[in-house]
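Trainee: Using the sequences and the accompanying hints, generate a full structural model.
From first to last, the protein sequence lines stand for chains X and G.
Per our numbering: the first sequence ends with 388, consecutive numbering throughout.
Per our numbering: the second sequence ends with 685, consecutive numbering throughout.
The reader is advised that the hints may include incorrect statements.
Quick list of in silico lysine to aspartate or glutamate cross-link-like pairs, DMTMM-like style, CA-CA up to 20 Å [unchecked claim]: (1) G:LYS641 / G:ASP676; (2) G:LYS394 / G:ASP577; (3) X:LYS232 / X:GLU307; (4) G:LYS422 / X:ASP200; (5) G:LYS584 / G:GLU633; (6) G:LYS543 / G:ASP663; (7) G:LYS406 / X:GLU214; (8) G:LYS651 / G:GLU610; (9) X:LYS366 / X:GLU277; (10) X:LYS287 / X:GLU370; (11) X:LYS198 / G:ASP479; (12) X:LYS198 / G:GLU426.
Partner residues are not named here, just some residues of chain G that face chain X (Cβ under 7 Å, in silico) [claimed, not checked]: (13) ARG427; (14) PHE444; (15) PHE449; (16) ASN452; (17) ALA453; (18) ILE454; (19) THR457; (20) ALA459; (21) GLY460; (22) SER463; (23) MET464; (24) VAL468; (25) ALA474; (26) GLY501.
For the record, the hints were derived by calculation from the structure and aren't laboratory data.
Just so you know, even glycine gets a beta-carbon here, dropped at the ideal spot from N, CA and C.
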Amino acid sequence: MAKMFLSGNEAFAYGIRLARPQVISAYPITPQTIVVEKLSEMVEDGSLKSEFIHVESEHSALSCAIGASSVGARAFTATSSQGLLYMAECLTYASGGRFPIVMMNANRSTALPWNIYGDQRDSLSQIDCGWIQAYAENAQEALDLALMSYYIAEHKAVSTPFMANLDGFVLTHTYEVVDVPTAEQADAFLPKFETENKLDLNNPRNLAFSAGPEHNTAFKYKEHIGLLNAKKAVDEAEEKFTEIFGRRYTGLTESYRTEDADYILITLGSIAGLVRETVDRLRKQGKKVGLLRIRYMRPFPNEEIAEAVKNAKAAAVLEKDISFGNEGTVYTNVNSALHKSNVNVPTSNYIGGLGGKNISADDIEKIFDELSEERAKVQFIGIGGDGK
Amino acid sequence: MSVNAKTLNEDEFFYGHKACAGCGGSLAVRIALKVLGERSVAVLPAGCMSAVGFNFPQLCFGNNAIISTFAGTASMLTGVEAGLRAQGITDFHAVGFAGDGGTADIGLQALSGAIDRNDDILYICYDNEAYMNTGIQKSSLTPFGAKTTTTPAGKNIRGNLRPKKNMFEIVAAHGIPYAATASVGYLNDFMQKVEKAAKIKGTKYIHIIAPCPTGWGIATDETVEIAKEVVDCGLWYLAEFENGEYKLNYQPKEFTDIESYLKKQSRFRHLTDEDIETIKRSRDAKWDAIHNNFKIN
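Mentor: What follows is the structure, encoded as structure tokens:
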């Protein structure tokens, strides 16, 4: 294990190098570019033995990765924002074909208006495409996710593609000290990719076929079960990860001081760091507040959320996303989780950080303050501009 | 010795499918796979051949085969080739079969990317001159004058107003190692081109005219005959591009009658004398260019 000073993108690239993908196909887009540049350098200097394919679009990036995965090769791609939307057709293709590809997505706003900064509307708009979706908080978690993503995606009971999300710029471009495991450690953790779901020259197969009304539901049901099984695979991966690397992760969510909390803020991604600090500050003032960080949006942590929130007086969801005409996508999912477990705790939704707008500690403190009051259910933080 | 009808592999790799009677595309796929053999990995986009061959649980390819996205034939081929090579496997053919729409329209970008990278793949375009799988809509390879469901022939507009895009020369302009044109009317020529392409490293492209009786308005037993006639009347030609040079493979001694070729097909039956004159002039201009730019055997 070596300590290195790395950005989120670089940390993810180091994690990918440890996972030894056999094919990498990627197209550049801000703020993802550094991860593919870094991987290109690693291929050039010989420290990563991988076929690096310079595709001409994101659609081809994922289509190529699917082709590689369909013959049993471990494949990686990375994208962001418009690139994710451009390849959207291939997202359901990869998941429906049960090809365990890993993709890093640098969370970025989607046009219009054009904006290169971070919010999570890109990945959350694709929540239903059948991929595992994880959200990293910091560079260390990004690297660790890169390594764990293949373990989870390729798990026999899962066989589902994995989208690891890093907040654009705030995480992708921010430097932190990161523990980089050795190749020996990584090899001890991650088994070689073995699958029967592949085109095999010694045992020819037809894949990615049509299935009419009679068989279609069965395929979709199995796909659903595969994604649900990812929950156990996450636990298994994290347990083995702790054994080898020492670092501990907590499954689909991470609870921070929620046990006795009256007011809980639920969020995801890099903003959780600031929320944690704010929780500590407010706790010192005697306020019983807590943070629930969603680490995985799919499979969705229904039970974990209900368990963490059930004794609170109120909970808020803070997300960098809006499903226009309704509310934040995370909020919809959280309310569904609570309702199914008969948890009758009032909730509200804060939409912030759109197009890279800063969310301050004061903003977070204000959310906690407002939780004790009766408020509009869905509110935007810091609208500014002409939106007043 | 080159492959021919007598030496062709007797194994079948594409059978039991639901293609219409007289389908030119399925003939091209069947013959190409016989030449390439069982260690072929075929990639077929959404389109006629995937629609007729991959209906679970009736899967009709005896070799490895997979459907790609409509636009993704070439990019998926790239991944298949790279994925196998990365595992140390080298004795295989990555072959794509896409129609005219999947090649010249929605799949052109990915194909261009693959040729640019010189990926070691063989891309075969079976050209039936319209989107036949969705019910005969115009593609950029639909010829001038042809009636399709989106270019109806009426009083105001007489079918498709634009000439056929020249995919062969577009592909050649990339500096591709090997490109060829073919027709299911001249199967020996096609087989030999597939065999030759299979031995060349890098990207290979073969464009084969494959009539669709349903879309062209011909009888189901006229496919091969009409595919021969399109070459004989000079509206299609058999050629290769290799080492930066165009080569004509077959020069008809005298062109057969264009009007007779056109009027056999219901898609052209509405054409006026003036339209037919336009088609003749465009044929003659093309052959002038061929004589100026192609090596003639």
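Trainee: Does each hint hold? Answer for all of them.
Mentor: How the hints compare with the structure:
1. G:LYS641 / G:ASP676: This hinted pair holds, its Cα atoms lying about 15 Å apart.
2. G:LYS394 / G:ASP577: holds (14 Å)
3. X:LYS232 / X:GLU307: holds (18 Å)
4. G:LYS422 / X:ASP200: The hint holds at about 19 Å.
5. G:LYS584 / G:GLU633: holds (16 Å)
6. G:LYS543 / G:ASP663: Distance ~14 Å between G:LYS543 and G:ASP663 Cα, so the pair holds.
7. G:LYS406 / X:GLU214: holds (18 Å)
8. G:LYS651 / G:GLU610: Holds - the C-alpha atoms of G:GLU610 and G:LYS651 are around 13 Å apart, at most 20 Å.
9. X:LYS366 / X:GLU277: holds (14 Å)
10. X:LYS287 / X:GLU370: holds (13 Å)
11. X:LYS198 / G:ASP479: Answer holds: X:LYS198 to G:ASP479 is near 17 Å, not above 20 Å.
12. X:LYS198 / G:GLU426: Holds, because 16 Å separates the two Cα atoms, which is no more than 20 Å.
13. ARG427: Given a least distance of 6 Å, the restraint on G:ARG427 holds.
14. PHE444: holds (4 Å)
15. PHE449: At about 5 Å, which falls below the 7 Å cut-off, the nearest Cβ of chain X leaves the hint on G:PHE449 intact, so it holds.
16. ASN452: Interface hint status for G:ASN452: holds (4 Å vs cutoff 7 Å).
17. ALA453: holds (5 Å)
18. ILE454: Check passed: Cβ of G:ILE454 comes within 5 Å of chain X, closer than 7 Å.
19. THR457: With Cβ-Cβ at 6 Å, under 7 Å, it holds.
20. ALA459: holds (6 Å)
21. GLY460: holds (4 Å)
22. SER463: Holds - the Cβ of G:SER463 comes within 7 Å of chain X, reaching about 4 Å at its closest.
23. MET464: G:MET464 check passes; min Cβ-Cβ to chain X is 4 Å, inside 7 Å.
24. VAL468: Given a least distance of 4 Å, the restraint on G:VAL468 holds.
25. ALA474: holds (4 Å)
26. GLY501: holds (3 Å)
Hint compliance for this structure: every hint is met.
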